[in-house]
Amino acid sequence: MASITFREVEGSSMKYWLLFGGIGLFVLFGFLSYLYMHHHGHVVTGMDNQIVWGLPHVFAVFLIVAASGALNVASIASVFNKPMYKPLAPLSAILALALMLGGLLVLVLDLGRSDRLIVAMTHFNFKSMFTWNVFLYSGFFALVGIYLWTMLDRNVKAYSKAAGTAAFIWRLTLTTGTGSLFGFLVARELYGTSMLAPMFIIMSFAYGLAIYLMVLVAAYAWTGRPLGDAVMMRLKSLLAVFVAAVLYFVVVYHLTNLYFAKLGSVESFILRDGGIITTLFWVGQIVIGCVVPLVILLSGLGRQRSWIMIASALVILGGIAQMYVTIIGAQAYPLDMFPGMTMKSSFYDGVIHEYSPTMAELFLGLGGVAIALLVTTFAVKVLRLLPANLDDATIAKLEH
Amino acid sequence: MNDMKSMSDNTPGSPERRRFISVATMTAAGVTLAPGVMLIDVAHGRPEEQAASSAVRWGMLVDATKCASGCDECVSACSTENGWTPVAESKHPKQAPQWIRKLELQDPLTQAETNLPMMCQHCEEPPCVDVCPTGASFKRADGIVLVNRHTCIGCRYCMMACPYKARSLVHEPLNDTQKPDVPRGIGCVEACTFCVQKVDRGDGTTACVEACTASGHNALVFGDMNDPESEISKRLRELPTKQVRADLNLNVGVRYHGI
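Which chain is which? The protein sequence lines are H and S, in order. Just so we're aligned: 189 in this note's numbering is position 189 of the first sequence, and the numbers increase by one with no gaps anywhere. Offset between the second sequence (1-based) and this note's numbering: plus 400.
Hints may contain errors.
Stated by the list, open to error - Taking CB as the label site, the calculated pair distances span: (1) S:P486 <-> H:P198: 43 to 49 Å; (2) S:E448 <-> H:V79: 55 to 61 Å; (3) S:E629 <-> H:L172: 55 to 61 Å; (4) H:F6 <-> S:N575: 34 to 40 Å.
Derived from the structure by calculation, the hints contain no laboratory data. Predicted model only: the values in this text are computed from it and were never measured. For each residue, glycine too, the CB sits at the ideal point set by N, CA and C.
Full structure from sequences and hints, please.
Below, the structure written as C-alpha cells:
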C-alpha cells in the first residue's frame, strides 16, 4: 500500500486569516449573546414555560448528532478496513471533536444556571439520560482524542484499529443517548419511543457526512491541493444512502403514529395544521433535506462537485429543520392531560404554543457552529490532518 | 395557717416539690422524645433535624364538582403564600411562573364544563425526578416533590418530562417579594411544594386549601393519605376519584373527583 503524506495547511495567507477572523467574529457574537442571556435571564429569549427548549437546543443537538456522524469516515477506514478512507480519517476525527465542542458549549451556555456547571459535573442522578450523556460526551472526547493520537503519532499507530473500534462503538452509544434524551420522555406524544435512538443514529450519518464533505472540498479548494473525483464519488454515494435512510425512518415514524387514533391530532398538527412547523417539516425536512439532495446525488448532477456541495448544504439545512420540528414541534403541541376535552387556562393549556426565537438565541446557536469551524480551521494549520494529495492516482494506489 | 403550711412544703428539699420536679422533667422528656422515637404525631410540626417520614403520604383531594367557575382563590392564596407574582401582574405572562392554575375543561360533544385547579401532582414515580441530571428534583419521604434550589442548573429537562406542565422556570431576576421560608431564584425551576413550609410548621394544610375552605367552596382537602382516620382518607374512601393521566401509572398524590 502506498503511503500518504499529511501536511499542515500553511495558513499564513490573507485569505486564511480573513476566514479565521470571520468565523471568530461569530464566536464573539455567540459569546456576547450568552452574556446578554445570562445577565438578564431567559426572559430576553423567545423561550417560555411552554417552549422550554428553543433554538439553542436545536443547534446544540444538531451539532452533537453531526459530531458523532462526522467520525464515520474514520470508522469506515479503521473498523471496516477500507484503505481508501484512511487518508480521510484524521480530518474526520478532528471535525467530530470540534462539532461536539460547539454543540456542548451551546447546550451548557443555555442553562438557566450556566454558572453551576460544576454542579452538573459533581452531582449525578444515574436514572437520568442527561447524566448518562455527560459521561458519553466526556468519553467521546477522550476516545476520539486517543484515536486521533494513534493516527498522528507513528509510535502508537499499532493501536489505531483498537482505538477506532472503541470510538466507533462509543459514538453509536452516544447518539443512542442523544436520541433517548427525547425517547425517554413519557409526557409528550411525539417522544417516548425507542424509534428515536436509531433515527438519531442514521441522522448523524447524514449530517456528519454532509458537513465533512463541505469542509473537505473547501479545505482542498482553498489550499489548492488536488482532490480527485474518486473520493468525491464514493462519499457522495454514501451520502445518498444515508439521506435515503433518514427519509425511510421519518416515513415509518409518522406512518406508525398516524395509525393510532390517540396520536391523530398531534400528527395533523405536524403534517397539516402546524403553520411554520408544517412548512419546516415538508419544505425544510422532506424536500430540502431529503428529496432534492437525493435527486441531485442520484442523477447526473451528482457527478459535478458544485452540485454535491449544494446537496450537502441542503442536507445540513434540512437537518436543522428536522431538529426544529423534532424539538420545537413536539413542545408547540399542548399536553393532552384530558383526552377528548378542550382545555383553557392562564397557563396556555390546550393551545398551540407560538415560538419566536430572538437574535440572542440565533447567535448563541451560530456561535456553536462557529466554534466548531474555528477549531477545525486552526487544527488543520497546526496538525498534519490533511493529505497533501488526494487525486485519483493516489487513491488508486491505496486500493491496490 | 394552711397557707403557711403549703409555703413551708414548697421549700427546697420538700417531698412535694421533689415530686413536682420529677413529674415535670419526665413530662418534658416525654414530650421531646416521644414523637421522635415513636413517630406518634408526625402530622404536627417536626423539628428541623428530624427527617420527613415515609409513614406519611401527603395528598390532596380536588372535588371538581365544587370547584367554582371564575373563582381563583386557591391561585391567589398560593401566590401570596409563596411569593410568586400573579400572572395578571406580570410583564411577561408567557414566561411568568405559575405554581397552580385553574383549568376550564369542556366536553365538545356534550358541552359539559368542569373546573379544577392543576398543579404538581406529587407523583410517587415522578418523571421529573427520574430525568433530573443533578438530582435537584427529588421526592421527600412523605411524598412531597421538590426542587433543590442549590443544585438546580436550569436545564429544564424536568419541564420536558412533566406530563402536567406543573413546572416553571424563573425567567427574570426576582424582585424582593420573596418569602424567607420559600427560596426562589432566577434560572431555576420551581413548582407547587404542597406548601412544604406550612406542612413542616405543623399547619397540616396548604394555602390553596385554606383559601378554598374560607371561600366556602370546600373543593380541596389536604392531608395524610396513609392515615386511615384523616379527613382526606375518609373522603377518598367515599368519593370515586381519578388520577390525571392515570395511564402513566405514576400514582399521583392529587386525586380528582368529578372529572
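Status of the hints after comparison with the structure:
1. S:P486 <-> H:P198: 43 to 49 Å: 46 Å, holds
2. S:E448 <-> H:V79: 55 to 61 Å: 58 Å, holds
3. S:E629 <-> H:L172: 55 to 61 Å: 56 Å, holds
4. H:F6 <-> S:N575: 34 to 40 Å: 60 Å, violated
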